[in-house]
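Q: Residue numbers (my numbering), protein chains in the order written: chain A, 1 to 282; chain B, 283 to 407.
Hint data in this document are derived by calculation from the structure and do not stem from the laboratory. One thing to keep in mind: the hints can contain errors.
[Claimed, not checked] Label-pair restraints from in silico Cβ distances:
(1) A/229 <-> B/399: 44 to 54 Å
(2) A/233 <-> B/352: 29 to 39 Å
(3) B/315 <-> A/103: 34 to 44 Å
(4) A/93 <-> B/361: 50 to 60 Å
(5) B/352 <-> A/104: 20 to 30 Å
(6) B/377 <-> A/245: 38 to 48 Å
(7) A/97 <-> B/352: 51 to 61 Å
(8) A/258 <-> B/371: 57 to 67 Å
(9) A/259 <-> B/377: 51 to 61 Å
[As the list claims (entries may be wrong)] Just so you have them, the derived chain B footprint on chain A, three or more residues with Cβ under 8 Å:
(10) 7-14
(11) 24-34
(12) 264-274
For glycine and all other residues, C-beta sits at the position ideal for the given N, C-alpha and C.
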Amino acid sequence: MNNAIEVHDLCKLYPGFALKSISFTVPQGQCCGFIGRNGAGKSTTLRIMAGLTFPDSGEVRLLGKSCADPSSREEIAILFDQPYFQEDWTPEDIEKCLRPFYPGWDGIRYRDCLNRFGLDAGKKFKNMSRGMKQKLAMAVHLSHPTKILLLDEPTGGLDPAARDELLDIFREYLLPEDRTILFSTHITSDLERIADKIVYIHNGEITYQGSKDSLTSSYCIVRGATLPPEKREHAIGIRQTVNGYECLMDLRHIGGLPSGTVTENASINDIIVYMERNDKNV
Amino acid sequence: MNINISLQSEIPAYEQIKMQIKAQILSGELAPNAPLTSMRQLARNLRVSIITTTRAYGDLEAEGLIYTLQGRGSFVKCDSETIRQQYLCSIDQSLKTAVEKASAAGLNLAQLQNRLEDIYYEQCH
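Please model the complete structure; the sequences and the hints are all you need to start from.
A: Shown next, in the form of C-alpha cells:
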C-alpha cells in the first residue's frame, strides 16, 4: 500500500520545546488519529505539513511530493481549529471568492452540502456558531477534489451533537478510496470509531504508531488489593489508595496476578491518561 | 443488506459483520452476484473504522464467499448451498469433539442425545 503521508526525521527547535526527529507514515485511504497532550508537538507537525512552519531538518512528503513544494498543496484540505474566512462573508461570497482558485470546484455539490448540513447560504460567517463554521469549512473541502485532509482539534468546543455531525462529515470525506485523514485531537473518544491507525506523540517524540486495534488490545486496566512486588515494574501509571491500586498493564504481563484482581479493556483515553501519569511519577 | 452490530459485544465488529453477511447469503436474501454495500460506505453507515469492514470483506473473500472487482465493488460469489455445506462441516466437527468428550466422561449415546436435546430446546425455544 502507498503512503499518503510520510514524515522523516522531522526536527524543530523552539525555546522550551523540541520536535525530536519524529518519523511516521499514514497509508493512503486510512484515517489516522494523532494524539498527545497539549504542547506535545501535534500542531507543530501539522503546521509544517501545511507549509506554515519550516522544519529545522527532516522532511514531510504528501502524496509523494515534499510539502515545501507549493504544488503539493492543491490536493491538501486543512481544517485547523477554526476556518479563516472574512467575517462579513456569506457562504455565497465564499464560493465566489474560492471558485477561481480551485479548478475542480463543484458548485452543485457545494449547494448540496450547504443544504444537507443545514447552512444558510446568505448568513454571515461572523453570525455562525462554531459548529456551523466547521461544517462550512467541510462543505468547501467536499466541493473540490483533494486527497488529504489535515485536521487539528476540529471538534474542540463543540457540543456532543455538533461533534457527531462533524465526525459523520469526515466519514463522508473518506468515501472515495484514495482519501486520507490525519486527525489530531485530545478528545480521543472521537477516534474510537473512525481511526484505523494511531500515532501517539509525547514530549516531541513518537511513543506509539500502529493500528488502533492493536493499541487498545495490547493493554488492560488492572485493579486489586495489593500489587505483587514482582509486577511493580510492569504497572503503568499506578494509583495507590488505602482501598487498593489501579494501573495500566501490558496484556503480556497480567498472568499470575492474585485472584480477586479485576482486569478490563482499556480505551485510547485510558491508555493516554495512565501513560502520562506514569511519566509524572517517574 | 441489513447489518446491525453491537459495540458492547464480546464478538469483534468485523466478526459480527461477517456472520451477518453469511447468514444473509444462507437465507437467500443475498443471491449470487448481488452487490454488497461498498466497504467505505458500510464503515460510514455502521460508524466503524475502514479497517474493520476491510477485514470482514477480506475474510469473506478468502473463504470464497464474495469477490471484489477493482473499482466496481464487492459481490456475492457463492449460493446458499455452499454456506450450508460449510455449516454442515463445522457441525460435524463440533459433534465429533462432543462425542470424544462424552466417551472420555463415560456418557453413552442416549445420555449424550438427552443433553443435546436439552441444549437444542434451550437455544431454539
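Q: Take the hints in turn and mark each one as holding or not.
A: How the hints compare with the structure:
1. A/229 <-> B/399: 44 to 54 Å: holds (53 Å)
2. A/233 <-> B/352: 29 to 39 Å: Since the Cβ atoms of residue 233 of chain A and residue 352 of chain B sit about 50 Å apart, the hinted range of 29 to 39 Å is violated.
3. B/315 <-> A/103: 34 to 44 Å: holds (39 Å)
4. A/93 <-> B/361: 50 to 60 Å: holds (57 Å)
5. B/352 <-> A/104: 20 to 30 Å: Between residue 352 of chain B and residue 104 of chain A, where Cβ atoms are some 23 Å apart, the hint holds.
6. B/377 <-> A/245: 38 to 48 Å: The hint (38 to 48 Å, Cβ to Cβ) holds, given that residue 377 of chain B and residue 245 of chain A are roughly 47 Å apart.
7. A/97 <-> B/352: 51 to 61 Å: violated (39 Å)
8. A/258 <-> B/371: 57 to 67 Å: Since the Cβ atoms of residue 258 of chain A and residue 371 of chain B sit about 43 Å apart, the hinted range of 57 to 67 Å is violated.
9. A/259 <-> B/377: 51 to 61 Å: Cβ of residue 259 of chain A to Cβ of residue 377 of chain B: about 35 Å, so the range 51 to 61 Å is violated.
10. 7-14: This one is violated; 0 residues, fewer than the three required, reach chain B with a Cβ under 8 Å.
11. 24-34: Contact hint for the region 24-34 of chain A vs chain B: holds, 3 residues under 8 Å.
12. 264-274: Since 0 is below three, the answer is violated.
The structure shown violates the earlier hints numbered 2, 7, 8, 9, 10 and 12.
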